[in-house]
Amino acid sequence: MLRMILIFLLLGSTFHARMITDMAGRSVDVEANLTRVFGSSPPTTYLVVLFKPEALVGLNFPLDNPNNRGSDILDARLKTLPILKGWHGNAGGSSAEKLLERRTQLIIGWNNAFLNNMIEKSLHGADIPVIYVEPDDMQKLPATFRFLGKLFEKEQRGEALASYAETVNSRLASLRKGVKKPKSVYYALGPKGLNSECDNSFHANFIEAAGAVNINHCEQSSLIGMEAVSFESLLARQPDAILVQDRNFYRTIFDDPQWGLLRAVKEKAVYYVPKTPINWLDRPPSFMRLIGTQWLAATLYPEHFKEDLNAEITRFFDLFFGRSLEEQQRRKMMQP
Amino acid sequence: MSRTLSISALTGVLVLSMLLALGIGKYPIGLDTWSALLQGTAPDIAGSVVFELRLPRIIAAVLVGAALSVSGAAFQSMFVNPLVSPSLLGVLAGASFGSALGILLSESWFVVQLLTFAFGGIAVLFAMGIALMYRGSGILILVLGGIISTSLFTSLLSVIKYTADPYDQLPSIVYWLMGSFALVERSTLLGVALPMLLGIATLMLLSKYLNVLSMGDDEARALGVNVRWIRIAAITAATLISSLTVVTAGVIGWVGLVIPHIARMAVGPDNRLLIPTSALLGGTYLLLVDTLSRTMFDSEIPIGILTSLVGIPAFVIILRNAKKGWG
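Quick mapping for you: the protein sequence lines, in order, are chains B and C.
Note that the first sequence ends on residue 336 in my numbering; no numbers are left out.
Note that the second sequence ends on residue 327 in my numbering; no numbers are left out.
Hints in this document: simulated from the structure, not taken from any laboratory.
Idealized CB from N, CA, C, for every residue including glycine.
Treat each hint with caution, since some may be false.
[Claimed, not checked] Partial selection, computed: residues in chain C whose CB lies under 8 Å from chain B:
no.	residue
1	28
2	30
3	32
4	48
5	49
6	109
7	158
8	162
9	171
10	172
11	175
12	270
13	297
[Unchecked claim] Taking lysine-lysine pairs in the DSS-like style, the calculated list, with each CA pair at most 25 Å apart, reads:
no.	chain 1	residue 1	chain 2	residue 2
14	B	192	C	208
15	B	183	C	161
16	C	161	B	85
17	C	161	B	98
18	B	121	C	26
19	B	52	B	98
20	B	266	C	26
21	B	268	C	161
22	B	192	C	161
Build the full structure now, drawing on both the sequences and the hints.
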């Protein structure tokens, strides 16, 4: 039966195939008219949302979860898609049969050292082509947008997003040049705020991009990250600012006498990361970093960030999601 | 004579290690600050580092190390098997499942701890329930019950891992299962310390009977010992304290298997001496490993990884030089 389906798919796909070189430098045969696409992980799935949300055959995890509040902004139809898991974190991969059943034409994979070859291995020879893109690195996002524009035959869209990404990158580069004394940042994760990411981790490199320094110097050991940090080492290092992901932790940090010993908490330099419609900085790491890093830079260095941040947020939501954001809506998404 | 001598020597080593651990850490505390601390005039931060951060953690490490080793020693005598660890009847598997379930269902840490403790007990009750269905078949069926219970709760844990959100809950679960003292707080410690101490004390009081049990059920009965009740009491105490170790610091393997071994090589199989020795050795060992874990790098190494990395070579060396065997 499976073989029949395979043959059927092969026959169907050879007609309008075109050769594409993906961002990992591999040549892949891809059908011309893409109407059934799967993202291997949330970072790449959200990229498809930018170009052709109606082509998605499924999601990797629910649109709304503790780290992402998708349904406020994203297309309501996305909520009806099945959850097919994916290759990321410890998710364990998506099922090849389910993808075949949904006649998936293409998997858009995440070019990541921790994930390489996992997808092909678990497809067990099922004939679904995989192409790799760079969904999280801000420097590579312009190329990613142009690549996807070509792939989905929406070059103009790709170009618009790419040139926005380039503007943001050069804006941040000149901000970094202007910052004489970089602030030190502690990136607090987990319900107690005592997990963090290493300074070289792809989960935290936006800190450097915003012109600051991550106080947690270590080597990323796994895709998941979340290394434990002792409170004592925070006391010893006294970060200038604290970035918080967990909502409940943010709500308690100012009342906790222990955290009150940190200068950053005393000075209220504790910032909650927005999560609408996708986490602005990480988990998943995505193109949202284009606005998230600007928000971080504007928050840490108001004197160096020249644009009007609120106007920039509105512009971003308009360009990326086609949504005109109301004042009240924008304010709400910044609150924990 | 040598008995009191070795116990007091080990106690001395433990106290010295605790003082040492209190003195080192990431936050630098100078000699003058220490003398100010003793007079109560030190700045807030130094006092907080010593009394809120280091001291609870040190006490927790010692208690958990002692609890795991003592319950390991008790299990090894009860089952007359040197390869047995406290996890034999499923307590660690059950507690791990409970933690994971808690992390999945609730944002409250208290709920996580409660479920951890509850499922540690439930797993052991399940194992004993299986054994009870075959009344009279003795210890073998109890071990089998433990194997079944362990694999049941391990599978249930996998189900939880499968359903958890990979970006948020899953990392927390994986991290917790590797064990860490980084999250120990004074309030948790206040809740678990007394029951842990009581559990350890109970096993010490039972040590005389455990000696009899290790000769085999029939001989024990012949000597007039109520095998069943002694075993139930020992299992209950060991389960209680093992479950509480997971509540305090996640799953820490290897200690409960190896420390009793080392203790037995040092002082022989008499539980009256073996159990206190295990407690002191285990407490010292876990304290030293945790001190390493919190001082070596910027971010901490999960202690479950270190206990094996440090423990295995030590065990191999000791095994080579072993003079005193089992029984």
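Consistency of the hints with the structure:
{"no.": "1", "hint": "28", "verdict": "holds, 7 Å"}
{"no.": "2", "hint": "30", "verdict": "violated, 13 Å"}
{"no.": "3", "hint": "32", "verdict": "violated, 17 Å"}
{"no.": "4", "hint": "48", "verdict": "holds, 6 Å"}
{"no.": "5", "hint": "49", "verdict": "holds, 6 Å"}
{"no.": "6", "hint": "109", "verdict": "holds, 6 Å"}
{"no.": "7", "hint": "158", "verdict": "violated, 10 Å"}
{"no.": "8", "hint": "162", "verdict": "holds, 7 Å"}
{"no.": "9", "hint": "171", "verdict": "holds, 4 Å"}
{"no.": "10", "hint": "172", "verdict": "holds, 6 Å"}
{"no.": "11", "hint": "175", "verdict": "holds, 6 Å"}
{"no.": "12", "hint": "270", "verdict": "violated, 40 Å"}
{"no.": "13", "hint": "297", "verdict": "holds, 6 Å"}
{"no.": "14", "hint": "B:192 / C:208", "verdict": "violated, 44 Å"}
{"no.": "15", "hint": "B:183 / C:161", "verdict": "violated, 37 Å"}
{"no.": "16", "hint": "C:161 / B:85", "verdict": "holds, 13 Å"}
{"no.": "17", "hint": "C:161 / B:98", "verdict": "holds, 21 Å"}
{"no.": "18", "hint": "B:121 / C:26", "verdict": "violated, 44 Å"}
{"no.": "19", "hint": "B:52 / B:98", "verdict": "holds, 21 Å"}
{"no.": "20", "hint": "B:266 / C:26", "verdict": "holds, 21 Å"}
{"no.": "21", "hint": "B:268 / C:161", "verdict": "violated, 36 Å"}
{"no.": "22", "hint": "B:192 / C:161", "verdict": "holds, 21 Å"}
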